[in-house]
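Number of protein chains: 4
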Amino acid sequence: MTQRLDDTDCTSDDDASECAKLQGPGYLRYGDDRLREECGVFGIFGHPDAAALTALGLHALQHRGQEACGIVSYDGQQFNSERRMGLVGDHFSRANVIERLKGHIAIGHVRYSTCGDPVIRNVQPLFADISTGGFAVAHNGNLTNAVTLRQELISSGAIYQSTSDTEVILHLLSRSKKNRVVERFVDAIRQIEGAYALVSLTNEMLIGARDPIGIRPLVIGRLGSAYVLASETCALDIVGAEFVREVDNGEVVVITENGLESHRPFPIRPARPCVFEYIYFARPDSVIGGRTVYDIRKQMGVQLAQESPADVDVIVPIPDSGVPAAIGFSQESGVPFELGIIRNHYVGRTFIAPEQRIRDLGVKLKHSANASIIRGKRIVLVDDSVVRGTTSKKIAKLMYESGAREVHMRISSPPITHPDYYGIDTPDSTSLLAATMDLEGMREFLGVDSLAFLSVDGIYRAVGFEGRDPRSPQFTDHCFTGEYPTPLTDQSGVAIPRQLSWLAEVG
Amino acid sequence: MTQRLDDTDCTSDDDASECAKLQGPGYLRYGDDRLREECGVFGIFGHPDAAALTALGLHALQHRGQEACGIVSYDGQQFNSERRMGLVGDHFSRANVIERLKGHIAIGHVRYSTCGDPVIRNVQPLFADISTGGFAVAHNGNLTNAVTLRQELISSGAIYQSTSDTEVILHLLSRSKKNRVVERFVDAIRQIEGAYALVSLTNEMLIGARDPIGIRPLVIGRLGSAYVLASETCALDIVGAEFVREVDNGEVVVITENGLESHRPFPIRPARPCVFEYIYFARPDSVIGGRTVYDIRKQMGVQLAQESPADVDVIVPIPDSGVPAAIGFSQESGVPFELGIIRNHYVGRTFIAPEQRIRDLGVKLKHSANASIIRGKRIVLVDDSVVRGTTSKKIAKLMYESGAREVHMRISSPPITHPDYYGIDTPDSTSLLAATMDLEGMREFLGVDSLAFLSVDGIYRAVGFEGRDPRSPQFTDHCFTGEYPTPLTDQSGVAIPRQLSWLAEVG
Amino acid sequence: MTQRLDDTDCTSDDDASECAKLQGPGYLRYGDDRLREECGVFGIFGHPDAAALTALGLHALQHRGQEACGIVSYDGQQFNSERRMGLVGDHFSRANVIERLKGHIAIGHVRYSTCGDPVIRNVQPLFADISTGGFAVAHNGNLTNAVTLRQELISSGAIYQSTSDTEVILHLLSRSKKNRVVERFVDAIRQIEGAYALVSLTNEMLIGARDPIGIRPLVIGRLGSAYVLASETCALDIVGAEFVREVDNGEVVVITENGLESHRPFPIRPARPCVFEYIYFARPDSVIGGRTVYDIRKQMGVQLAQESPADVDVIVPIPDSGVPAAIGFSQESGVPFELGIIRNHYVGRTFIAPEQRIRDLGVKLKHSANASIIRGKRIVLVDDSVVRGTTSKKIAKLMYESGAREVHMRISSPPITHPDYYGIDTPDSTSLLAATMDLEGMREFLGVDSLAFLSVDGIYRAVGFEGRDPRSPQFTDHCFTGEYPTPLTDQSGVAIPRQLSWLAEVG
Amino acid sequence: MTQRLDDTDCTSDDDASECAKLQGPGYLRYGDDRLREECGVFGIFGHPDAAALTALGLHALQHRGQEACGIVSYDGQQFNSERRMGLVGDHFSRANVIERLKGHIAIGHVRYSTCGDPVIRNVQPLFADISTGGFAVAHNGNLTNAVTLRQELISSGAIYQSTSDTEVILHLLSRSKKNRVVERFVDAIRQIEGAYALVSLTNEMLIGARDPIGIRPLVIGRLGSAYVLASETCALDIVGAEFVREVDNGEVVVITENGLESHRPFPIRPARPCVFEYIYFARPDSVIGGRTVYDIRKQMGVQLAQESPADVDVIVPIPDSGVPAAIGFSQESGVPFELGIIRNHYVGRTFIAPEQRIRDLGVKLKHSANASIIRGKRIVLVDDSVVRGTTSKKIAKLMYESGAREVHMRISSPPITHPDYYGIDTPDSTSLLAATMDLEGMREFLGVDSLAFLSVDGIYRAVGFEGRDPRSPQFTDHCFTGEYPTPLTDQSGVAIPRQLSWLAEVG
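As they're listed, the protein sequences go chains A, B, C and D.
Heads up: the first sequence at position 85 corresponds to 85 in our numbering, and the numbers run straight through without jumps.
Heads up: the second sequence at position 348 corresponds to 348 in our numbering, and the numbers run straight through without jumps.
Heads up: the third sequence at position 256 corresponds to 256 in our numbering, and the numbers run straight through without jumps.
Heads up: the fourth sequence at position 496 corresponds to 496 in our numbering, and the numbers run straight through without jumps.
Chain A extracted, bound-state conformation (with noise of 0.2 Å):
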């Protein structure tokens, strides 16, 4: 399951090109997809093992990021850093590494994948030597003034050691008057906007904190005598650890020796988590509200299912993203669920066909039909989402040569209109195929026989809801109904230079 909510990527064959654009010169500026990442978060207090432990939590996370990973410890005398490249198993699994980050408190990162060029010094966690000692921290989510915030503090003296939106929170803590750490954490929070769950480490304690909605997870679990915080449960699950709650909406957890304190330095709203950890970026193994993820797709392709049959032989997903509402949809409809298509597993994000010659042979290094279920049936194919609609195109192109009669394309989300802007890689407007064409146009784009969508309120309705609330709608949505939850500064401030650092470096 891909984690960057777009159905192309480097590894298909006419994006190719686009990739090397993108590589070029390695350097990060506004407006870039990467800035704006999603991301998983990890952290442990009072356990001999943190930083093995947190590589694992970070591990599980893997499907949250790919591209880089980092951990942080302290060891009662130092804080300890490791930021790397790559995959948390290529880099965090050597006994000496772990070795180097000694300590009972540690908290990590993982960050998706691009295909650009990204450097070490965005890489999460962050780090400040500031006058009350060290601090750490780890962000999911992206924050809507950052920019904005950025620009004052320059023109105040501050200099920034990265690219990222996450630094602002280490200046104003930095900067902040009060005395004490927590106090300077909520004074720093309460000036940002947007999207964040939080780890953060000191020499005495681990804070948790998630944005006054909710929008990205962030659960509490237990472990002997030691707190875990992470992204998902699937984190909880790897190292053994018990789920004892979510953090809340707008609360801050603070766990020293003393045990856990809670803090609520925002006004009380409901919560309004991102409704995309339910489609699409949850590991189906994670539980929410009771239930897996897994259960809550299959639960979109039942939905799917009733508000938009098809009189067909075989139901087929996409791999590995549709399979769960596939099965849904099977269940619910009584047509056999069959892989049709085969995907590669050992497609890394490097594989570049080398000559045009080739690509135009129209090379399929990922999908593969299966032509025994495929040949002289009509399928339904199963996606969990459309982003600009090139990959989807070519599979139904390939069902079709490999022989299908007809070929229905089904989605178990409404369609996407509108850009993210909370830590989600979304492309702009004009590259989302909802945001440009109506049905029949869509339908037409993927040249396929029929195309439907989940409606917005078959979603609420698979999670348990009856609908939504038009009032107070119990999710982040915006992606489909255009309702953004929170000012978007940053969009706003014409006159902000968009240039956020002026340095080019690799590595």
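If you are wondering where the hints come from, they were derived from the structure by calculation, not from laboratory data.
These numbers were taken from a predicted model, which means no experiment stands behind them.
There's no promise every hint is true.
Stated by the list, open to error - Partial chain B-side listing against chain A, Cβ under 8 Å, derived: (1) R291; (2) L339; (3) A371.
All C-beta atoms in this analysis are idealised placements derived from N, C-alpha and C, irrespective of residue type, glycine included.
Keeping the supplied structure of chain A fixed, place chains B, C and D upon it in accordance with the hints.
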């Protein structure tokens, strides 16, 4: 899908120490599993992008071997070789590598993944300068008299450059008294015994060959005016080549500028392809005998449901290998198919938990339970085979811990009671679960409520026969039956020194 | 010629374990030698190959620092940075690196070689985005109030990206209330104390500056219409630039499209350049005051022969640092000059004998005796300085073992009795041989027949003065005299926390 | 001191493009300089730290070859091999490498530095499993009938693993009909022609051998009860071994647990060691015939001053190779010796100026002028040899540009008029300056006021003879005289195919 016929690998927790042992000194001795590999081969004659297409073909065959890969091309002047440890996409996707592999003829090889520390001199294709010119060979299979021949050759002055069984072919060829290369090649393969699908390259021809009973697969394709040879049809599909036919058992095909010429240097015998290609090795979308392998595996699940039904609530595959049979089992039994186990695709072969303390927690790096599906249910677990049984046992335990009421294990192939000597890396008999226990013993060891394997005849029926013909079995199936189809010369020679090389060299 | 003012390094046998200790955790704390480095700087304005010429200039300055190197250029759009551990020629000779460093302005830095494990964030040039735009700085020297300033800056919210003393300049600049960059720069350097030769880069200018008494060197050159700044004239020579003049002590030169403009922000004082540039650091072909450094060093040997003659058969330099003085000594005394000690130029800093057993054999990795020259002779050994004395002692022993009848040691500089705080990595007083023993004690420790140092006045005479002017010494010579020319603020502040960063990070 | 008999290398400016050409495809063909290398060998029998001492010995012999190095040890069970591109200190100083090379017997090899892209399969020691067990060999020299023998061996079925001339020894040994290894070894070396100093290793012995006239050097040492073999005495010194004697020309020494046993398989002939060891290759502190090489080279300078005096102000060596002769010239003539040219020791072989524009500036990466010494002076430049003359020409020009009034070049060896075929990498005759011009032509080409070479008899006198004995010359001196001391079989065989391997492989 793992290609190694084993249910244990270095990523599972309690095998880490075993791997560490194997990795030791970095050399290969007879008796190590590593000398007898499952592999994939590819060759192409007559295309300006020969090496690039070979890289794509190897990528499609990557499931047959992830340890190492290599390509040799001939450009009219010289042979060009690149051999690397690791995946095809990691090494052969860069233009500068492909550009070094100039020419219109190329062959390639992928080798399977072990925990050991292999050496580049064993990576194929192997090459020799012989008096008729350069000669390269890539081999899938295993020769059962390679050690015996090696001893004879060394006694008469041959110097080996590798510890690969394949090298014997080069020496036999080089010492042949025949004048023409094809005659020398036939001279050589008449002296070898065992299983082989070979693709070879000279400065003017591409040669393909299968052993007299066709144990390992090899197919012929056409891409415009070019000829392609490959282990499976999925490698034809990726380059857009058209399937022509299989190379027959005992056939040698010689492809030159004048087209394809067929030789039959052996007495005609019935074919006996290895049954494990159907059960385990081939990619689901590859076609054998007009049907996709997925279809055949699903049918094994259907047979299994008929032979050994179970009164349960849900059918759960052990991912990814058990999925097709589980779908068949579900369709035949009418019990719902559900993904009750989630697999982490980011597990590489190097993730070893660093601390005993952590491994004792029972960390699950690779598989996790989908609790909503399992809790309170009676389940059938479907897998395609059981080798040592250690992973199956752990998964069964995970199911009970996740709340399963009953766990019934169904295996879509018969018990493996005998080791292989034809290119499949099986543990020796003492480690094969079914070689040491009866059915009830295995059930108890695995800790499940019931256990059933598909019958030997069931396998034959799933492929389309009425059953196994005991006078002339249609498959090489000795792992289930103990009937080896060829002499095992090296196994019988008690006097043979077991040390293939006295040299330990890294890199 | 080693640039570190020490006669021990990691390649000499019995210091290996000391190095191992230093290499430990990979972080830097105040008190480690590594914070106070000898370095080289280079800058160029107005040439299309600015970065390539900077790489050449740094190569010529490589003797001033081998640990790390970096270049920052500005290309009209953005700043481009490459910073690496290791030698210039290993990193900046490849076209693809130089091509990334586009632009007509560039500055660069080389840093000296330690045994420790430094981190890339400390490699210069350092860069900051400040409100007036990007600003990069490269620094040779050491600030004596950097820790004090750092504490104040962190207390008011500054976040450091390195543990380098140089970074304080960026923060002072960023926080300055002045509008123009040059004013901010002057504002910043007025607050710092100690030794500095700085080259800085903005989007429109190259800035050079020397501290008020000009402890560290900086020269101006012209290459066609381009301006060059460099630590020594040898860096002008390599790029074919013409020497213009030295930057004066306390001068700030600002080079823009309009040419060079000079600022004098400090009260006028007499210059006091560091005497060690003459004795030790500068390359022999560099020119100071119209004479090559080789010539001056030879003259030190002449003075030494006059002050402390010896009745011997042969003059032997300790290579390579003792060669010029030995030639002078030989010419003045009429005793033949011979290479009695051969140096192995392939000794890198990593060759550590692996076994105690071997090290006990007294292995000589670096120096060996030329027996024909030594055997039966009375010799004078000439070196330029003695720091700890450990290497000198070993070489003297080697001479006796090779058959020398008498060994007389002559040092072409005075005894080093006080540590440096201006950019030279001296051990603390307890490790300085001359700080702990008198002349006879040292002679006994070194195990030689006689020992003599050049007098302080002798040094001044070799350079061309009549002697040292005690009321206004012409050089910074505190290592010999104890007279430090500036306040040592950080040394006096007993209350200052010594830990610069709590963060340990590798890479 | 460079060991390649050439005055050009890749670091000099205008040869960069030539190197780029050579680096091209990464394969070796007959006719390339790279097949015929100058090298160093080392072996030790009977010491628990055999590999570590071999690494030290190779380090002392590093001047004989910087391209690659390797060590093979035998530990009682198996042979252990490590072969690497690059310097000994970069690869064999780490404990983990040495620990893999267990055992009490070891041999090693260093290979010289070219600009090309060599392959690991050519790095020595070469190893073969033959019927008597493992056998490893390291070779300094060059065989003049290796190509002829290779053709014969391949015709009868031998398969080569390298393109090294040395491998022929392994095949002859492997095919010998003798029973004992020593007999096979003698059998083999009786068939080879040319120059060789060999050290070989089996599971129970160390073998050393020199060709019938002893062209390449080999000495015997003792370290306690252990025996050592090495190319030069400096490798005995570094491990603390005592010099015993040279291996005689035509002698085979076999060292086992029973001590050293000497064989003389060839008719007795007078020795004719290569004169270039004295002039060029051996390290200055190595001892030949009781005198250090430094001493002999100084004497060449003395002879040269007597033969070709010059009325000048200063004697300037071309560093480092010209230093000893310049000291001798200075002492004999009474004219002062001065370092008028400074060499940059940080020039590796990879520094290539990236832009034609820059190279046109006449950048000097390696040598710079010491202006104080040169300006207004009449100088003698002393070097040990002239090959192509390109570097000498540049340095002469540099002297004039630095103000020299007169430049007189004095070469401390005779003109090189003939190429070598015994292990010295000379260019072919058309590139040898002295093969294409007379003395006046050369003077003009080099652009100097006068030019003189040492006479052939002068060389002999410097070593201690009265002159060359024309009936039985004491040295192999064909480069000066054209008298080759052995048949040159491969040179005469016009029918021999020149392509040693059709395989191009990188790495």
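Under 8 Å, Cβ to Cβ, is where B/A371 needs to be relative to chain A, so tell me if that hint holds or is violated. 6 Å, holds
Restraint satisfaction for B/L339 [CB to CB of chain A, less than 8 Å]: 6 Å, holds
Take the shortest C-beta to C-beta distance between B/R291 and chain A; is it under 8 Å? Nearest chain A Cβ about 6 Å off; hint holds.
Against the hints set out earlier in the document, no violation occurs for any number.
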